[in-house]
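Trainee: The primary structure of each chain is shown beneath.
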Amino acid sequence: MKLNTPLKRMVTGLILVAALAVLCSNYATEYEYHQKYPSYGALISDYPEGEVVNVGGTVTHISSSQFQILENYHGQNINLSINSSTPVNLEDQVSVVGILGPNNTIIQVERVEVNEYWKYLFLLLRSFLAVILLIFIFYRYWSFDWKSFEFRRR
Amino acid sequence: MPDWVVHLAVAWSVCRILSFRYPQFNPANTVLVMVGSIFPDAIKISILTELVGYDVWDYIYVFHLPVGTFLLAGIVALLFREKKSAFLFLSMGIITHYLLDLLLIQVGYGMALFYPLSWTGFTLNLVPNDDYYITIMALFIALIVYLVSRLVEKRKFNQENTL
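Keeping their order, the protein sequence lines are chains A and B.
Under numbering that gives the first Met the number 0, the first residue of the first sequence is numbered 0, with each subsequent residue one higher.
Under numbering that gives the first Met the number 0, the first residue of the second sequence is numbered 0, with each subsequent residue one higher.
Hints should not be assumed to be uniformly reliable.
[What the hints assert, rightly or not] Derived pair list, reagent style BS3-like, types lysine-lysine, alpha-carbon separation capped at 25 Å:
1) A/LYS1 to B/LYS82
2) B/LYS82 to A/LYS7
3) A/LYS146 to B/LYS82
4) A/LYS118 to B/LYS43
5) A/LYS1 to A/LYS146
6) A/LYS146 to A/LYS7
7) A/LYS146 to B/LYS83
8) A/LYS1 to B/LYS83
9) A/LYS7 to B/LYS83
Worth flagging that the hints you see were computed from the coordinates, not collected in a lab.
Build the full structure now, drawing on both the sequences and the hints.
Mentor: In structure tokens:
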């Protein structure tokens, strides 16, 4: 099919957007059932105590043998305590695989990955600068023709 | 994700190398590959929505899976006069993105590259998410590619002039 008229392009675009929306909806409803370990959805619905779970969040409180993380799960704030002496700082992003105990506590950590907050901010900063540069380069080689509503080579 | 500097530098380097043999990898098409290389990170919109208290991560995660990203590329390609070639060059960038993301350490599960056919997660668990040594390495490689390509172009120019 030649997509040479605005109507054909619009119809094709709508079909693709609809397909994307269907996939997004399917993924959001299904993914928790296909994860290797249960996560926040299972924590809320049936609290799989004693099972290995995979959780993540931002470090909000640190003590000698434990730290707390906070995650906004679909608008609901969930606090978890992690029994671990892994060195972390406030605001670090932590991802943990471990055994879920009572009172929203991970009692035994099997695997943990810490992303330091400053490194995260640095990553955002350099990515932001890179995208500014990309926009500049893009418009050097391409221009948008509003009449035909499409990009053309300069 | 490795940061966007890595994705863009790798996409540019690959195109620059390919341009020696294939003239299709001209600067305009190279830019398309570079744009495609950060397409899967359209999911990072969720960072902005999180700032205002909305967690949309799971709802748009498909953007960061090949099927979703290629659909997104298809939608964007409609905005180009040469739709087919735009889609192909964007897709090439998308592929470089996933190859790089495969290197990342993922504690829980890898990327479901073949969703919706399979939910199997893939990861090589080699590089931390926020590692910046890979950025330095990618920029260094891009610099080497740039210098070598300049040298090759100069030699070609000299040869053509002597003939």
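Trainee: Flag every earlier hint the structure violates by its number, smallest first.
Mentor: Those not satisfied: there are none.
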